[in-house]
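The listed protein sequences derive, respectively, from chains A and B. Mind the numbering: the first sequence is residues 1 to 497 in the numbering used here, read in order. Mind the numbering: the second sequence is residues 1001 to 1355 in the numbering used here, read in order.
To be clear, the hints were calculated from the coordinates, so they are not data collected in a lab. Among the hints, erroneous ones may be present.
Listed next, the in silico DSSO-like pairs over lysine-lysine satisfying Cα-Cα at most 30 angstroms (straight line) [what the hints assert, rightly or not]:
no. : chain 1 : residue 1 : chain 2 : residue 2
1   : B       : Lys1211   : A       : Lys382
2   : A       : Lys27     : A       : Lys129
3   : A       : Lys244    : A       : Lys129
4   : B       : Lys1211   : A       : Lys370
5   : A       : Lys27     : A       : Lys64
6   : B       : Lys1188   : A       : Lys363
7   : A       : Lys386    : B       : Lys1211
8   : A       : Lys386    : A       : Lys370
9   : A       : Lys370    : A       : Lys129
10  : A       : Lys321    : B       : Lys1211
11  : A       : Lys370    : A       : Lys252
12  : B       : Lys1211   : A       : Lys360
What follows is each chain in one-letter form.
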Amino acid sequence: MLLQMDKITKKYGEFYANREIDFSLDKGEVHAVVGENGAGKTTLMRMLYGMEQPTSGTIRLHGKTIAFNSPLDAIRSGIGMVHQHFMLFPSFTVAENIVIGNEPSKIGTFDRKQAARIVEQLSEKYGMKVDPWAVVGECSPGIQQRVEILKVLYQGAEIIILDEPTGVLTPIEVGELLEAIKQLRKQGKSFIIISHKLHEVLDVADRITVLRDGKVTGMVGKEETDVNHLSRLMVGRELVELEKKPVQRGDKVLEVTDVTLRGNKGKHILDHVSFDVYGGEIVGIAGISGNGQSELLQIIAGLQQADSGRVAVNGTDTKNKNTRQIREQGLAHIPEDRYIWGANRSASVLDTGLMGHHRKLQKGGFLDFKRVRSMVSEWIAKYSIKAGDSLSTTSQYLSGGNLQKLIVARELAQGTPFLIAAEPTRGVDIGAMETIHTELLNKRDSGAGILLVSSELTEILKLSDRILVMYEGKIVGELTAKEATEEKIGLLMAGGA
Amino acid sequence: MNRFNKILSPLLQPLAAILVGLIAGAIAIAIAGGNIVETYSEMWKGAFGGFYFLTNTLARATPIMLIALGVALAFRSGFFNLGSEGQMVIGAITAAVIGLYMPGPGWLVSTAAIIAGAVAGGLWSAMAGFFDYRFRVNLLISTLLLNYVVVLFARYLVSYPLKDRTGSAGLNQTPMLDASVWLPKLFKGMPLHLGFIFAVIAAVLLYILLKRTVMGYEMRMIGGNPLFAVYGGVRRGSMMMTAMLFSGAFAGLAGAAEVLGTQYRYLDGALSSAGYAWTGIMAALLANSHPIGTAVAAIFLAALETGAMGVERNTEVPLEVGDIIQSVLILFISARLTYSFIKRRKGQNTDGTAV
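Okay, chain B solo, but in the shape it has when bound:
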C-alpha cells in the first residue's frame, strides 16, 4: 500500500494537470464547433494511430526528450537553465559544419559531428555557469540572453559564409550533408532515427547518475539545499559548471541529432520555430525533473503536437487546440512552482519546534 502510494503520489499532480488540460481542450473544441470525441480520437490517431504516426511522434519527441533531460539535470542541481535553445542551435550548427567539412569515412564524421555538437552545447552552457560562479551574472538571465547570441550568429553563418548556393530558393541554410553522414533510420521509410536511441539511453544514464553516483548525490543536494551541500563539503562552483556542462551537452546533442537525423542540414529557424527547447523545459517541469518521467512527458507533449496536426488534417478544428492544452498545462505547472516557492519561503521561519 505504502509502496503503491509512493509511486503514485508524484504522478498525481501531472496527471491532474493533463486531465484539466484535456478538459480545457474539450471546451475549446466545443467552442470551435467540433465534435469532442471525434476530435480527440483524431488526435490520438494523429499521434499514435498506426506505426507511421507513432514513429513520427517519437521522432518529434527525440530532441524534446534530450533537451528536457538536460534541463532536468540542471533543475535537480538547483540551476535554471533557460538556454537550451541556444545550446541546441550551437550543437546543430557545429554538427553541420563537421558533417560538411570533415574528411573521412561517413561513420567517423557522423560520430565526430555528434560528439562535437554535444561538446559545443556543453561548453556554451558551462560558460554561463562560469559567469555566474566568477562574476555573479545571474544564470537565469545569462542563459536566456545567450540564446539570442547564438541563434543570430548561426543565422549569420547560414546567410553568408555557409549559405547553400546550389539550390534555387533563397533559404538561409547550409548545403545538404552527404548521405553517408546521416544517422540511420530505425525503420525503413519511417522518420524515426538513431537519435531516439540516444535519448532513451540518456534518460537511463541520467537516472543512474542522479540516483547512484557521488556526483549525482552532490548535484541533488546542491539542488535541494545549497547551504547544506556547501556545509557538507560540496564545491558549489565546480558543481554548477559540471551540471551546466552536462545540461548543455544534452541540448547540443539534441541539435546535432536533428541535423544528422532529420534535416540533414542546418536550416535557419527550423529548430527554434519548432519550439523544441521550450517544450523540453515544460516536459522537465511537468515531470518534476525525474529522468524517466521527463522522457515520458516529452513523448506526451510531442504527441500533443503531432496529434494536433492530425486534428487539423482531418477535422474542422484548428491546430491550436493542441496549444490550448499545452497552455493550460503550463498554467498548472507554474501554479505548482509558485505554491512550492511560497511554501519554501514560509518554511524558512520555522525551526521545527512547533510540533
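Just chain A, with the same shape it has in the complex:
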C-alpha cells in the first residue's frame, strides 16, 4: 500500500468529526471519498494534508509512519491537494502560477521563458493542454483547474487530493477532467477524490469509501455498487422519488423585458434579457456561474439597478422601488450566497429567521416574540435544522447546510406568489435536499411561480417545467422539461448553439 490511514479519530471538544476511520490508497489508484456535508470527508483530507492533526490513529506512507505539521510537509512527501476554491493568482500567467515556490532563475532573476518551457513539458508529459502565457484570471474554470493540477504535479505530487473537483465545471469540462485523471493514473499517479456526485465517482474511481457522521459506512469496489446503493450508504435510508404534478399555469408573476447591464469595461453582463414566469410553474435558469445569473437575480430583487429594461413583479413595475417595496409586491428570495445576503452571522438563529417577517409579527412597534419563537421552532422541527440547544444560538455556529435550511424555510414561509430560489440546496445534504425540493414543488403546486437558478444541472432538470440557458449574459435557449437533456443543456451552457 502506498498510503494507509488506520483508526483515524478527530475530536473537536466532545464532537467526533472522524471516528476510527480506515483508509488506504494504492499506487495508480483512484479512491473516492463520498458522504453528505459534515460527514467528515474534508476533515479526513485536512489531516492527510497536514492542516489538522488527528486526535488518534496513524498515517503511514510507503509503510512509514508520518506526522505532518503543515501542508508544506505533505507537499515534500509527495501529497498535493487541489482545493474546491482555486488558490491561484488571477493576474499572473499560467506558468507563473505553476512554478510558484520553486521558480527557475537566471543569475538571480526569475526566468520567465524557462518557466514557460517547464510548463510546456509538464503539459505534454501529462497530456493536459495549457497555454503557459495566458493570464489565469482570463482562463475558464476548467483551465484553472488544470493549472492547479499541473502545479501540484510540478511540486512532485504522487498522491493528488481533489476536493469537489467538478463543482464549477461545465459538463464538457467534467468529461475532460475525468479523462485527464484516467491518463494520470496510467502514469502511476494516485488520486483521492472528495465528491458528492455519484455518477462521476462511479465513472472514474476504483474504490469508493462512504462516510456518514464521521464513520465509514462502506468501502466498495466500483463493480460492486451503483448510485442507489451508494446513496443508501450515505443517507442511511431509502430515498423517495419526487412526484411532479402537471403544470397549472396561473397569472404572470414575473416579467423581465430587455434587461441590460454593462460591466466596468463596457462589456455586457446582461444583454437584453427577456422572459416571464407564471404562477404554478418552476422556471429554471441553467448556466455556468458567472454568466450573468447573479446580476439578473439581484436586479429582480431590487439589490442592483439595471442600465435599461423593465422588471415587473406581480404586474407592477419595480423601477425605483426598494427591496422592502418589492417584497411587499410579493417576492421572496432564497439568495445565492447564504453568508453575504442570507444571514447575519453574528445574530441569533431567531434573528436570522425573523428577517422579512419582522414587520408582520409586531404589536405597536414591539416584536411579538411569542409568535416569532413558535414560527422559527416550527421550521426547525419541519426541516430538522440542527441549531444547537436554543434559538439564541449564534447563526455562525450552524453548519452551512443547516443555515441554508433555515433560510429556505424563512423564505418559503413568506407566502409570496413569486419566489427566487438561487442555489437552494448548495451545500446541504441529500436528506435536506429532498425536503427542500419537495417544499419547492409544494409551493409551485399551491400556485406560486418560482425562478430557480442552480449550477447543478440535475437539480434544474428535476424541478423545472421550463429551462432557460444563460451564456455570457444572454438567454441562449429555452427548453421544456420534456425536451431537455443534460447533453442539450450542456452544449448551450458552453456557448454552442
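Model the placement of chain B on the given structure of chain A, informed by the hints.
Relative to chain A, chain B alone:
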C-alpha cells in the same frame, strides 16, 4: 451551566482587559515609587469611599454614560459615530441659550432646554448621516471633523455675543443660568443631579429598543450584516439617519444635562477638556455596545478618573496613573477590534462547506 457561560463569556474579555490595565497601573505606581496597595486603596476611596465620593463619581459618569449609550446605539447599527463631542457641545450651548433667554417658569424652561439640547445634538448628528446617505461622505470622517466646527463655533459664541460680561475674570463663558432652571440635585449637598436618572432611564430604554422593537431589530441587522438587512427589506439610508439622530440626541442630552445640572452655564472647553466624549466611546467599546454593560463601563471609567484624583490628593503618585490604566484598556480594546476585523475579512472567503 450553559446559561452561566452565556452571561459570563462576554464579560471575560473586558474583565481581562481591566485586570491587565490594573497590573500595568501597579507597575507604573511601583516605578513612581508609590506603594501599590496603598495607592489602589486610595483610588478606591477616591471613587467610592463614602457617600460624597460615590455621588461625585456618578455625577462624573452621567455625561459619559449618555454619550456612551449614544455611541453604542450607532455601533450596534454599524455606524461609527465619532462626533459625540460636537453633538454634546451643540446640545450644551443650545440648552444654555434656552435656559438664559426663554421666558416662563423654571421647570418649563428647564424641560425645554433639555429637549432642545437633545434635538440639537440629534440633528447635528443626523446631518452627518444624511451626508453619508446622499453624498457618500464617509461618516467616520465627517462626524470627527464636525466636532471642530461646532466646538469652535461655540467658542465664538461665548467669546463674543453670549459672553458673560458681569464677572471680572475674562473667561469665555455665558452668564450663569437662573437657579430656577437648574436640574435638581438628587441628594442635598452632593454633586449628583437629575441627569443621572436620565442616563439610567436611557440605558434601559436603549436595551428595550434594541432587544424588543422592530426598529431595534432592523438596527442590529444593519449593524451585523448590512447586505442581509437590505436584502430583507431594511432601508439603510433612513435607518442610518434614525440611528445617527438618536445617537446624537443622547450626546446632546449629555451636554444639556451638564449645563443645567453641574456647570449652570456654558464654559468654553469645560466639556471638551474633561474628555467625556472619548471616555464615552471607550465605555461603549469596552462593553461591546451592550446597553447595560455600557452604562456600567461608563461608571467604571468615571471611577478611574475620580479615583485617580483621590490618589493625587493623598499620595505622592501622580494623577496620570489613571490615564495609564485607561491607555492599556484602549490598547486591549483596539487589539480586539483589529482581531475581529481580521477574522471578518478572512471569514468572507468561506462558504461554509469546509466542515
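Each hint tested on the structure:
no.	hint	in the structure
1	Lys1211(B) - Lys382(A)	holds (27 angstroms)
2	Lys27(A) - Lys129(A)	holds (24 angstroms)
3	Lys244(A) - Lys129(A)	violated (43 angstroms)
4	Lys1211(B) - Lys370(A)	holds (14 angstroms)
5	Lys27(A) - Lys64(A)	holds (15 angstroms)
6	Lys1188(B) - Lys363(A)	violated (43 angstroms)
7	Lys386(A) - Lys1211(B)	holds (24 angstroms)
8	Lys386(A) - Lys370(A)	holds (21 angstroms)
9	Lys370(A) - Lys129(A)	violated (61 angstroms)
10	Lys321(A) - Lys1211(B)	holds (29 angstroms)
11	Lys370(A) - Lys252(A)	violated (36 angstroms)
12	Lys1211(B) - Lys360(A)	holds (17 angstroms)
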